[in-house]
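A.B. asks: Sequence:
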Amino acid sequence: MASKTTFPTHPPRERVFLVGVEIRSEPTELSLEDSLEELARLAETAGLEVVGVTSQRLEAANPVTYIGSGKVEELFSLVEETLADVVIFDNELNPRHQRELEKRLGLHVRVLDRTALILDIFAQHASTREGILQVELAQNEYRLPRLTRAWTHLERQTGGGGGSAGSVGGVGLRGPGETQLEVDRRLIRKRISILKEELEKVRAHRQRYRQQRKRSRIPLISLVGYTNAGKSTLLNHLTRSEVYVADQLFATLDPTTRRVELPGGYNALVTDTVGFIQKLPTQLVAAFQATLEEIAEADLLIHVVDITHPNAQAQAHSVAETLKEIHADHIPTIIALNKIDGLSDPSLAAEIVGEFPNAVAISALTGSGFDDLKEMIESELFENYTHLSVEIPYTEGQLISLFHEQGQVEYIEHTRKGVFLQGLIPGRLVARYNGFQASAPTEKLSDADLIDNPESDNDPEN
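Residue 144 in our numbering sits at position 144 of the sequence shown, and the numbers go up by one each step.
Check each hint, because a few of them may be wrong.
[Unchecked claim] Distance windows between CB atoms, simulated: (1) Pro346 <-> Thr82: 34 to 44 Å; (2) Glu37 <-> Ile188: 30 to 40 Å; (3) Arg96 <-> Ala440: 53 to 63 Å; (4) Thr28 <-> Gln398: 52 to 62 Å; (5) Asp345 <-> Tyr411: 46 to 56 Å; (6) Thr28 <-> Ala123: 19 to 29 Å; (7) Gly264 <-> Arg191: 42 to 52 Å; (8) Lys190 <-> Pro310: 43 to 53 Å; (9) Lys324 <-> Ser31: 17 to 27 Å; (10) Glu81 <-> Asp345: 36 to 46 Å; (11) Arg416 <-> Pro310: 56 to 66 Å; (12) Arg191 <-> Thr366: 45 to 55 Å; (13) Leu58 <-> Tyr266: 48 to 58 Å.
If you're looking for bench data, these hints aren't it; they were derived computationally from the structure.
From the three backbone atoms N, C-alpha and C, an ideal C-beta is built for every residue, glycine too.
Given the sequences, and given the hints that come with them, work out the whole structure.
C.D. replies: Put into structure tokens, the structure is as follows:
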């Protein structure tokens with residue numbers, strides 16, 4: 001009987017070799033070993049097979065190959081031995097580093113960095129039109145300065161004799177490779193421009209939606225945290241919804257908003273946002289501006305921390321730095337220490353809570369600690385007040401009304417610039433008055449000015 005030929009149901013996974021470099025003058029949140037372990041998880045999330053890891057500690061990066069020349073030779077041997085298709089560096093490489101490394105490792109080996117890997121994961125997980133646009137923009141901005149690498153094979157095919165590639169008789173002429181390169185650059189720049197225009201429309205739409213949401217007076221809570229900390233599981237349990245959850249990095253990219261009921265009969269909106277990670281590519285921060293504004297516009301942040309992770313403190317600090325980068329570090333924050341169900345000794349939870357400010361221990365999976373979490377949310381949103389002195393222009397009548405409706409006005413005075421208000425305001429609303437703070441009122445209006453100034457009617461007490 002003839003044997004039956006079998007075919008694999010899935011194409012073989014690309015084999016990758018990981019390289020980590022510790023530059024002593026550039027401290028990072030995670031140790032070299034822990035960062036490489038995280039890189040391996042990223043590679044697995046992207047569907048790659050990790051076949052080897054190596055590392056090097058340097059005072060400064062080699063300007064040509066990033067790693068030392070001896071390490072390049074060692075890496076060449078390791079790649080040949082493991083039959084790796086791709087080499088991924090845990091550090092961000094510039095175009096020259098990538099080009100030189102590929103030359104020395106062989107044409108069959110691609111050299112990528114952590115940024116390219118994260119962009120690839122985002123591209124695989126983006127599902128909405130907004131997410132796809134954001135990822136494509138980040139990819140094109142990353143790709144643009146690296147286009148020269150794609151046309152080196154044409155450089156070798158042009159030119160001849162003793163002259164350099166692409167030259168005739170010592171006179172530099174544009175060869176087909178360079179012509180194609182310029183065409184590609186022009187096309188990518190045009191695509192970037194189109195994507196930015198499309199995302200600006202998305203941003204404007206989100207802004208209109210946020211304004212409408214603010215008029216409804218329902219506070220917004222944003223869940224933030226390191227990737228895979230359990231934000232989506234928390235959203236599902238808090239709001240009784242079914243947002244996609246997976247034990248992998250960056251399982252959720254697009255913001256999802258649901259309503260939650262609090263103990264005192266109050267309602268709030270909870271938004272799950274993209275997870276953070278150390279060395280988050282700057283291209284992604286820029287491209288995801290519309291999405292990240294959901295965080296910056298929130299009334300309250302719940303920072304979800306996986307306390308079972310050995311690098312929980314470092315991850316929490318990395319998230320705090322990213323919040324500072326997107327100007328969201330001023331927003332009231334509750335630290336939700338998640339996954340207490342995974343602790344070998346549950347009594348450790350109380351001890352860990354003391355290491356974080358304004359923290360509560362929970363399990364997003366089982367719902368343990370949710371009563372305490374909801375009480376803290378209600379307290380932050382509806383009970384904690386901040387003393388504020390602001391001078392609001394007459395054109396911002398909505399903010400003047402909001403201060404009267406939600407706050408406790410202790411002093412009011414009309415000035416030529418607007419209305420000076422002093423009093424207590426819920427902590428969740430403080431961010432809305434950024435830019436209007438004033439220690440004292442400017443020149444006061446006379447009674448005649450008030451009669452002649454119709455704009456002062458914006459004040460609800462008139």
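A.B. asks: Okay, Pro346 versus Thr82 on CB: inside 34 to 44 Å?
C.D. replies: 43 Å, holds
A.B. asks: Between Arg416 and Pro310, does the C-beta distance stay in 56 to 66 Å?
C.D. replies: 59 Å, holds
A.B. asks: Between the beta carbons of Thr28 and Ala123, is the distance compatible with 19 to 29 Å?
C.D. replies: Holds: the Cβ-Cβ distance is about 25 Å, inside 19 to 29 Å.
A.B. asks: Between Gly264 and Arg191, does the beta-carbon spacing fit 42 to 52 Å?
C.D. replies: 50 Å, holds
A.B. asks: Is 53 to 63 Å right for how far apart the beta carbons of Arg96 and Ala440 are?
C.D. replies: Given a distance of about 56 Å, which is inside 53 to 63 Å, the answer is holds.
A.B. asks: Do the Cβ positions of Arg191 and Thr366 conform to the proposed distance bound of 45 to 55 Å?
C.D. replies: 47 Å Cβ-Cβ, so the 45 to 55 Å window holds.
A.B. asks: Look at the Cβ atoms of Leu58 and Tyr266 and judge whether their distance stays inside 48 to 58 Å.
C.D. replies: 55 Å, holds
A.B. asks: Would you say the C-beta atoms of Thr28 and Gln398 sit inside 52 to 62 Å of each other?
C.D. replies: 44 Å, violated
A.B. asks: Is the gap between the beta carbons of Glu81 and Asp345 within 36 to 46 Å?
C.D. replies: 44 Å, holds
A.B. asks: Between the beta carbons of Asp345 and Tyr411, is the distance compatible with 46 to 56 Å?
C.D. replies: 53 Å, holds
A.B. asks: If I claimed the Cβ atoms of Glu37 and Ile188 lie 30 to 40 Å apart, would that claim hold in this structure?
C.D. replies: Holds, since Glu37 and Ile188 (Cβ atoms, about 34 Å apart) stay within the stated range.
A.B. asks: Regarding Lys190 and Pro310, is the given constraint of 43 to 53 Å on their beta-carbon distance met?
C.D. replies: Because 46 Å falls inside the window, the suggested range holds.
Hint compliance for this structure: hint 4 is the single one not met.
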